[in-house]
Amino acid sequence: MKVDSAAFFYLRMPRIRDIGDGSQDACLVRLRAGRHEGWGQCEASPLPTIAAWDCPMSHSACHPVRDSVLGKRVDSPADIRAINESVRALSLDLLQAAHTLSGVDIALWDLLGKKMGEPVWSLLGYRKAYPKLPYASVLFGNTPRRTYERALLIRGAGFRAAKFGWGPYGRGTVREDAAQVHAAREGLGREASLLIDAGTVWVDDVAAAAGRLKALKECRARWLEEPFVSGALGSYSKLARMSGRVGLAGGEGAHDYHMAANLIEYGKVGFIQVDTGRIGGITTAKQVADLAEKKGVKYVNHTFTSHLSLCASLQPYAGLRDHELCEYPVESSVMSSALTRTRLEPGPDGFVRVPGRPGLGIAPDPAVIRRYRVPVLIRCRIRGRGSRKRQKET
Numbered sequence: 003m004k005v006d007s008a009a010f011f012y013l014r015m016p017r018i019r020d021i022g023d024g025s026q027d028a029c030l031v032r033l034r035a036g037r038h039e040g041w042g043q044c045e046a047s048p049l050p051t052i053a054a055w056d057c058p059m060s061h062s063a064c065h066p067v068r069d070s071v072l073g074k075r076v077d078s079p080a081d082i083r084a085i086n087e088s089v090r091a092l093s094l095d096l097l098q099a100a101h102t103l104s105g106v107d108i109a110l111w112d113l114l115g116k117k118m119g120e121p122v123w124s125l126l127g128y129r130k131a132y133p134k135l136p137y138a139s140v141l142f143g144n145t146p147r148r149t150y151e152r153a154l155l156i157r158g159a160g161f162r163a164a165k166f167g168w169g170p171y172g173r174g175t176v177r178e179d180a181a182q183v184h185a186a187r188e189g190l191g192r193e194a195s196l197l198i199d200a201g202t203v204w205v206d207d208v209a210a211a212a213g214r215l216k217a218l219k220e221c222r223a224r225w226l227e228e229p230f231v232s233g234a235l236g237s238y239s240k241l242a243r244m245s246g247r248v249g250l251a252g253g254e255g256a257h258d259y260h261m262a263a264n265l266i267e268y269g270k271v272g273f274i275q276v277d278t279g280r281i282g283g284i285t286t287a288k289q290v291a292d293l294a295e296k297k298g299v300k301y302v303n304h305t306f307t308s309h310l311s312l313c314a315s316l317q318p319y320a321g322l323r324d325h326e327l328c329e330y331p332v333e334s335s336v337m338s339s340a341l342t343r344t345r346l347e348p349g350p351d352g353f354v355r356v357p358g359r360p361g362l363g364i365a366p367d368p369a370v371i372r373r374y375r376v377p378v379l380i381r382c383r384i385r386g387r388g389s390r391k392r393q394k395e396t
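Numbering of the sequence shown is given in the numbering used here, commencing with residue 3 and proceeding in unit increments.
The hints are simulated quantities; they were obtained by calculation from the structure and are not laboratory data.
Check each hint, because a few of them may be wrong.
Claimed, not checked - List of simulated lysine to aspartate or glutamate pairs, EDC-like, C-alpha gap at most 20 Å: (1) K270 - E295; (2) K130 - E120; (3) K117 - E39; (4) K240 - E267; (5) K296 - D351; (6) K4 - D77; (7) K130 - E267; (8) K4 - D81; (9) K4 - E120; (10) K297 - D324; (11) K130 - E295; (12) K216 - D206; (13) K270 - D206; (14) K296 - E267; (15) K130 - D351; (16) K270 - D292; (17) K130 - E326; (18) K270 - D258; (19) K297 - D258; (20) K219 - E178; (21) K130 - D324; (22) K240 - E193; (23) K296 - D324; (24) K74 - D6; (25) K74 - E39; (26) K4 - E39; (27) K74 - E87; (28) K4 - D95; (29) K117 - D6; (30) K74 - D56; (31) K297 - E326; (32) K117 - D69; (33) K216 - D258; (34) K4 - D56; (35) K219 - E193; (36) K219 - E188; (37) K117 - D81; (38) K4 - E87; (39) K270 - D207.
Since the model is a prediction, treat every value here as computed from it, not as a measurement.
All chains should be modelled from the sequences, with the hints used to inform the complete structure.
In structure tokens, the structure reads:
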């Protein structure tokens with residue numbers, strides 16, 4: 003089968019708040035090939051992501067993403083990998099291309115899985131999908147008291163792990179940050195796994211991050227996530243030598259395999275977190291999962307948005323038994339929470355299971371798309387020799 007058409011959908015909450023919550027809007031991708039269709043979601047600002055699909059060619063290494071996708075055959079996993087590689091090559095200098103490719107790649111796997119009658123994880127070569135232990139992913143409260151209250155709610159909901167991040171953490175004093183971490187631990191209780199996300203707040207400042215280690219160790223935090231930006235490999239490596247039993251986690255900002263691989267090889271992270279909606283889709287994420295397994299580093303998904311993204315993010319490591327944690331969004335916007343009728347709810351044992359249905363086994367609800375869809379009109383006018391005018395609505 004060949005990719006006949008692509009449609010991008012820009013969904014948006016009526017009001018966007020200036021907080022660390024990427025679930026307030028969404029960029030969905032729908033690919034069609036004959037009677038089959040596949041869905042994906044890009045974890046990125048929707049408008050530039052859509053533009054990267056349909057922009058004019060600038061030069062030989064700056065094609066629009068569509069040039070590598072439309073009309074291409076999708077009859078095997080190898081075909082999807084070839085499309086992925088083509089986008090990387092032809093759109094090398096189109097910096098938004100990785101985000102656009104991510105949603106397209108996810109949709110391609112969904113499409114192929116439906117045609118073959120197999121779940122995506124099976125197409126990736128896994129014989130079995132292992133259950134994952136979800137950690138409730140939330141923002142720190144504005145005060146330690148609010149963080150404590152959130153932790154109590156998470157504990158009451160039955161979660162055995164939770165991550166607190168962003169908000170005021172890392173922006174105040176060491177003492178203020180310690181109070182936040184202690185509040186989270188007190189609310190969760192002694193047994194739950196506590197994870198802390200600094201959201202790259204210290205950029206590359208090892209001393210600033212090291213000052214927070216005492217409280218993290220006292221509260222038995224399992225990891226400190228993204229103390230630095232993804233490229234600060236030297237800072238990651240230095241802090242890893244100091245952090246002891248508090249592991250370092252990072253990788254959600256990786257846009258390709260090599261960025262994630264460098265964090266493993268040179269940043270010495272103990273947990274590599276990959277967002278399929280950013281790194282180039284399921285294809286690239288699976289490469290990272292394979293490397294993590296080889297190097298003894300724990301692979302963890304990253305997602306803070308919809309269950310469509312959650313399901314896609316679980317596929318690359320579904321068959322890795324010893325990589326058991328998964329990020330689980332519990333504070334997504336109303337739009338993102340309702341995006342799919344099917345939800346990956348934790349079972350009685352507290353674990354999340356990847357669907358065994360063909361493709362992703364999950365799809366967006368058309369009614370939700372209609373409710374939150376924002377019309378987008380792209381106009382492109384090029385004058386001069388060989389001039390053309392193209393107008394497209396998506």
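Checked hints:
no.: 1; hint: K270 - E295; verdict: holds (14 Å)
no.: 2; hint: K130 - E120; verdict: holds (12 Å)
no.: 3; hint: K117 - E39; verdict: holds (9 Å)
no.: 4; hint: K240 - E267; verdict: holds (13 Å)
no.: 5; hint: K296 - D351; verdict: violated (29 Å)
no.: 6; hint: K4 - D77; verdict: holds (8 Å)
no.: 7; hint: K130 - E267; verdict: violated (28 Å)
no.: 8; hint: K4 - D81; verdict: holds (10 Å)
no.: 9; hint: K4 - E120; verdict: holds (18 Å)
no.: 10; hint: K297 - D324; verdict: holds (13 Å)
no.: 11; hint: K130 - E295; verdict: holds (16 Å)
no.: 12; hint: K216 - D206; verdict: holds (19 Å)
no.: 13; hint: K270 - D206; verdict: holds (15 Å)
no.: 14; hint: K296 - E267; verdict: holds (11 Å)
no.: 15; hint: K130 - D351; verdict: holds (18 Å)
no.: 16; hint: K270 - D292; verdict: holds (16 Å)
no.: 17; hint: K130 - E326; verdict: holds (14 Å)
no.: 18; hint: K270 - D258; verdict: holds (18 Å)
no.: 19; hint: K297 - D258; verdict: holds (18 Å)
no.: 20; hint: K219 - E178; verdict: holds (16 Å)
no.: 21; hint: K130 - D324; verdict: holds (13 Å)
no.: 22; hint: K240 - E193; verdict: violated (29 Å)
no.: 23; hint: K296 - D324; verdict: holds (12 Å)
no.: 24; hint: K74 - D6; verdict: holds (8 Å)
no.: 25; hint: K74 - E39; verdict: holds (14 Å)
no.: 26; hint: K4 - E39; verdict: holds (11 Å)
no.: 27; hint: K74 - E87; verdict: holds (13 Å)
no.: 28; hint: K4 - D95; verdict: violated (26 Å)
no.: 29; hint: K117 - D6; verdict: holds (14 Å)
no.: 30; hint: K74 - D56; verdict: holds (16 Å)
no.: 31; hint: K297 - E326; verdict: holds (16 Å)
no.: 32; hint: K117 - D69; verdict: violated (23 Å)
no.: 33; hint: K216 - D258; verdict: violated (33 Å)
no.: 34; hint: K4 - D56; verdict: holds (19 Å)
no.: 35; hint: K219 - E193; verdict: holds (15 Å)
no.: 36; hint: K219 - E188; verdict: holds (14 Å)
no.: 37; hint: K117 - D81; verdict: holds (14 Å)
no.: 38; hint: K4 - E87; verdict: holds (17 Å)
no.: 39; hint: K270 - D207; verdict: holds (16 Å)
Consistency note: the structure conflicts with the earlier hints numbered 5, 7, 22, 28, 32 and 33.
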